[in-house]
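Colleague: Listed below are the residues making up each chain.
Protein chains: 2
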Amino acid sequence: MNNDYYCIIMAGGVGSRFWPMSRNSRPKQFLDILGTGKTLLQMTYERFVGICPEENILIVTSRDHGDLVREQLPDLLDEQLLLEPMRKNTAPCIAYANYRIKKRDPEALIVVAPSDHLILREEEFKQAILKGLEFVRGGEALLTLGIKPSRIETGYGYIQAANGQVVASDPDFRPVKTFTEKPDYDLAKVFFESGEFYWNSGLFIWSLKGILHAYAKYLPEVEHLFSEKERFIGTREEEKHIIEIYRNSGNISIDYGVMEKAENVYVLCAEFGWSDLGTWGSLYEYLSKDRNNNLVSGDQVMLYDVKGSIVKLPKDKLAVIQGLENYIVIESDNILLICRKDDEQKIKQFVNDVRIEKGEQYI
Amino acid sequence: MNNDYYCIIMAGGVGSRFWPMSRNSRPKQFLDILGTGKTLLQMTYERFVGICPEENILIVTSRDHGDLVREQLPDLLDEQLLLEPMRKNTAPCIAYANYRIKKRDPEALIVVAPSDHLILREEEFKQAILKGLEFVRGGEALLTLGIKPSRIETGYGYIQAANGQVVASDPDFRPVKTFTEKPDYDLAKVFFESGEFYWNSGLFIWSLKGILHAYAKYLPEVEHLFSEKERFIGTREEEKHIIEIYRNSGNISIDYGVMEKAENVYVLCAEFGWSDLGTWGSLYEYLSKDRNNNLVSGDQVMLYDVKGSIVKLPKDKLAVIQGLENYIVIESDNILLICRKDDEQKIKQFVNDVRIEKGEQYI
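Protein sequence lines correspond, in order, to chains A and B. Note that the first sequence covers residues 1 to 363 in the working numbering. Note that the second sequence covers residues 1001 to 1363 in the working numbering.
Think of the hints as simulated: they come from the structure by calculation, not from any bench. Some hints here could point you the wrong way.
Cross-link-like lysine-lysine pairs, in silico, DSSO-like; alpha carbons within 27 Å at most [stated by the list, open to error]:
hint, chain 1, residue 1, chain 2, residue 2
1, A, K217, A, K229
2, B, K1341, A, K341
3, A, K358, A, K348
4, B, K1261, B, K1131
5, B, K1289, A, K358
6, A, K315, B, K1348
7, A, K315, B, K1358
8, A, K358, B, K1315
9, B, K1189, B, K1177
10, A, K131, A, K209
11, B, K1307, A, K307
12, B, K1307, A, K341
13, B, K1209, B, K1229
14, A, K348, B, K1317
15, A, K38, A, K126
16, B, K1317, A, K346
17, B, K1341, A, K307
18, B, K1315, A, K317
19, B, K1240, B, K1102
20, B, K1348, B, K1189
21, A, K307, B, K1348
22, B, K1341, A, K317
23, B, K1358, A, K307
24, B, K1358, A, K289
25, A, K315, B, K1317
26, A, K358, A, K38
27, A, K348, B, K1307
28, B, K1315, A, K315
29, A, K341, B, K1346
30, B, K1177, B, K1126
31, A, K317, B, K1317
32, A, K346, B, K1341
33, B, K1346, B, K1182
34, A, K348, A, K307
35, B, K1315, B, K1038
Assemble the whole structure, with the sequences as input and the hints as a guide.
Modeller: Rendered as structure tokens:
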């Protein structure tokens, strides 16, 4: 294992699409949403333990969730945990981690990963990441991981790969032509059939030098905020300066701020069974169902004439459910959600209504 | 108010059709199922306070539910509460109360009433009962209350009234021709259209002398069990003798044991807005719904595209429910039931399965 490999796990998300299971106080990455006995964060962390030295794995999360991270990863060293004072999207998050890594190894090679995605084939994932880390060694290439689409999907952003071999022996590395937002169905169909488009996985690989150079070029104001406070990073005085930096920083994503603008961007086309687990439906796709195609968790659930549904209830709750087809029935923390699986995009609206009518404590 | 009026409220039922709201430990009569702030037993008791002297109202229930009765009717005198050591249906229950009443007033006129029915028009109910009590005075007539059907209903037993005026000035009293079990739809339709059939309300009115005579004639073995222990009834030694009586008594209903066999049976045809509240559906019929025809209780329930459904959740439970039409969603005591309203007759089967698979504690 190479000592110059680093990993930044971004664990600052607060998605509401898994409400009521995910809550502001316990976002998706902190949940055992797959029912494996481990949370998504724990699974992500363990995945990278096999890729880079454990102490080189940094987790960036909101200050509010620091205790949750420590609870779920009790062996984590203090210097592995970076707490953001406020949410400013991924560009400041990655910049913060970059400056921490810079103190330890200016030659670092870095993989940036979301904390709440599903990887089905861990070994293939590992090989792709290792290949990517060596690809960026000694240069300033910005590499994204693109997932070969397995279906027409409107829920993901896409990366269009240009023609042209980047590495003589490996056709999976290709220059990026464009990044695109989530397409509508017709466009997604075109993307799927073209063979040129890949799902944007949110996984990035680069050298520290490469990404710092890109910030300096495309996000100079963010770069400046950090560079002028560089001497405080990793010291006892860091916290107050980080608060100031974040207060002054714009809310900006790495995709918009860097990837869509930079020229030396490449995609590593991969296939390792990936999902961003963005919705109950995507979870449903990837987990094993019972013979009526129900995804059930809860020890005391009795189903009659229920098909194609997701039922997730507290372990001790006895439930008799009859006559539902393609529904979601979730209870978590004394909040019950019942809705049609096909209407799950409405959950966002429900959560918003709950916030307005019942109060923030239910969110 | 006449001092010879007595009332026997039968509160020994353990129906499972309102599961999970009704449980073995808290059957339907002990629930505020209408959401009025009073349980059905409390409402029944108060109804008769206006009809006979309060101390003449006897409540017969299972020994297991004595504390529940005392809790819900804290002013009840000890002698008003009769505890059955085991369930032997209505004939022994009424016999027991008869012998208690006999100690106090051999000339008593008695109304026997279920504890868990709905009466919408209390004043009309009262007038019918009073009229009935005077009808049985000085004779041995056995009077039932028949409810004029308002719809084709397969869920009730029926009483067929014979032609023939019983009281010159009051055509509502008529001789009974037959008692019938719950009919199928076609037969229920014939009943409804004939005008001869009335719903069997389970309300009976008779003189103590009349009913004792009927027991002696049609249920001599039950009559004998009580009469040979008569001297212990109402004494400190009653309990152990009641246990013996019940142990030796058959399980037999007053309808089958007496009413269907006796010849001096009459029906008082009445209309006071009655339901036996036998099912969630019957409850749904009688209570006021929201503009989407939903019957909702629970302060924190948010419905989207939900119609014709019954939603009853604990007060503190936040629920977002979307896309259900004609469903029942009930949670009580950490048990959740979701089923189609039209399939509610299956609840009995569900409860039986729960008993077998999960254990008696959930029933």
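Colleague: Does each hint fit the structure? Answer for all of them.
Modeller: Against the structure, the hints come out as follows:
1. Using a Cα cut-off of 27 Å, the hinted pair K217(A) and K229(A) holds, with the two alpha carbons roughly 19 Å apart.
2. Distance check on the hinted pair: K1341(B) and K341(A) sit about 21 Å apart at the alpha-carbon level, within 27 Å; holds.
3. Distance restraint check for K358(A) and K348(A): the Cα-Cα separation of roughly 15 Å lies within the 27 Å cut-off, and the hinted pair is therefore satisfied.
4. The suggested pairing of K1261(B) with K1131(B) holds, with an alpha-carbon distance near 24 Å, which does not exceed 27 Å.
5. Restraint check for K1289(B) and K358(A): the C-alpha separation of about 23 Å stays at or below 27 Å, so the hint holds.
6. Distance restraint check for K315(A) and K1348(B): the Cα-Cα separation of roughly 24 Å lies within the 27 Å cut-off, and the hinted pair is therefore satisfied.
7. Distance check on the hinted pair: K315(A) and K1358(B) sit about 13 Å apart at the alpha-carbon level, within 27 Å; holds.
8. The suggested pairing of K358(A) with K1315(B) holds, with an alpha-carbon distance near 13 Å, which does not exceed 27 Å.
9. For the proposed pair K1189(B) and K1177(B), the alpha carbon gap of about 19 Å is at most 27 Å, so the pair holds.
10. Straight-line distance between C-alpha atoms of K131(A) and K209(A) comes to about 18 Å, which keeps the hinted pair within the 27 Å bound.
11. Only pairs whose Cα atoms come within 27 Å are accepted, and K1307(B) paired with K307(A) is accepted, the gap being roughly 21 Å.
12. Note on K1307(B) and K341(A): the hinted pairing holds, with a Cα-Cα distance of about 18 Å set against a maximum of 27 Å.
13. This hinted pair checks out: K1209(B) and K1229(B) have alpha carbons roughly 18 Å apart, not beyond 27 Å.
14. The straight-line distance between the Cα atoms of K348(A) and K1317(B) is roughly 20 Å, inside the 27 Å bound, and the hint therefore holds.
15. Between K38(A) and K126(A) the alpha-carbon distance is near 19 Å, which keeps this suggested pair within the 27 Å criterion.
16. With a CA separation close to 20 Å, the supplied pair K1317(B) and K346(A) stays within the 27 Å bound.
17. The suggested pairing of K1341(B) with K307(A) holds, with an alpha-carbon distance near 18 Å, which does not exceed 27 Å.
18. A hinted pair counts as satisfied when its Cα atoms are at most 27 Å apart, and K1315(B) with K317(A) qualifies at roughly 17 Å.
19. Proposed proximity of K1240(B) and K1102(B) is supported: the alpha carbons are some 20 Å apart, at most 27 Å.
20. Of the supplied pair hints, the one linking K1348(B) and K1189(B) holds, its CA atoms being roughly 26 Å apart against a limit of 27 Å.
21. For the suggested pair K307(A) and K1348(B), the alpha carbons sit about 22 Å apart, so the restraint of at most 27 Å is met.
22. As the CA atoms of K1341(B) and K317(A) are separated by approximately 22 Å, the hinted pair is consistent with the 27 Å bound.
23. Our distance criterion of 27 Å between C-alpha atoms is met by K1358(B) and K307(A), whose separation comes to about 22 Å.
24. A hinted pair counts as satisfied when its Cα atoms are at most 27 Å apart, and K1358(B) with K289(A) qualifies at roughly 22 Å.
25. Of the pairs offered as hints, the one joining K315(A) and K1317(B) holds, with about 17 Å between alpha carbons and a cut-off of 27 Å not exceeded.
26. Taken as a hint, the K358(A) and K38(A) pair is broken in the structure, with Cα atoms around 31 Å apart against an allowance of 27 Å.
27. The hinted pair formed by K348(A) and K1307(B) meets the criterion: a straight-line CA distance of about 22 Å does not exceed 27 Å.
28. In summary, the hint linking K1315(B) to K315(A) is supported, as the alpha carbons are separated by about 21 Å, within the 27 Å threshold.
29. Of the pairs offered as hints, the one joining K341(A) and K1346(B) holds, with about 25 Å between alpha carbons and a cut-off of 27 Å not exceeded.
30. Among the hinted pairs, K1177(B) with K1126(B) is consistent with the structure: their alpha-carbon atoms are about 26 Å apart, no more than 27 Å.
31. With a C-alpha separation of about 14 Å, the suggested pairing of K317(A) with K1317(B) holds against the 27 Å cut-off.
32. Restraint check: the Cα-Cα separation between K346(A) and K1341(B) comes to about 25 Å, which is no more than 27 Å; the hinted pair holds.
33. Distance restraint check for K1346(B) and K1182(B): the Cα-Cα separation of roughly 17 Å lies within the 27 Å cut-off, and the hinted pair is therefore satisfied.
34. Under the criterion of a C-alpha separation no larger than 27 Å, the hint pairing K348(A) with K307(A) is consistent with the structure, at around 24 Å.
35. Proximity of K1315(B) to K1038(B) is assessed by CA-CA distance (about 16 Å); at most 27 Å being required, the pair is judged to hold.
The structure does not agree with numbered hint 26 stated previously, though it agrees with all others.
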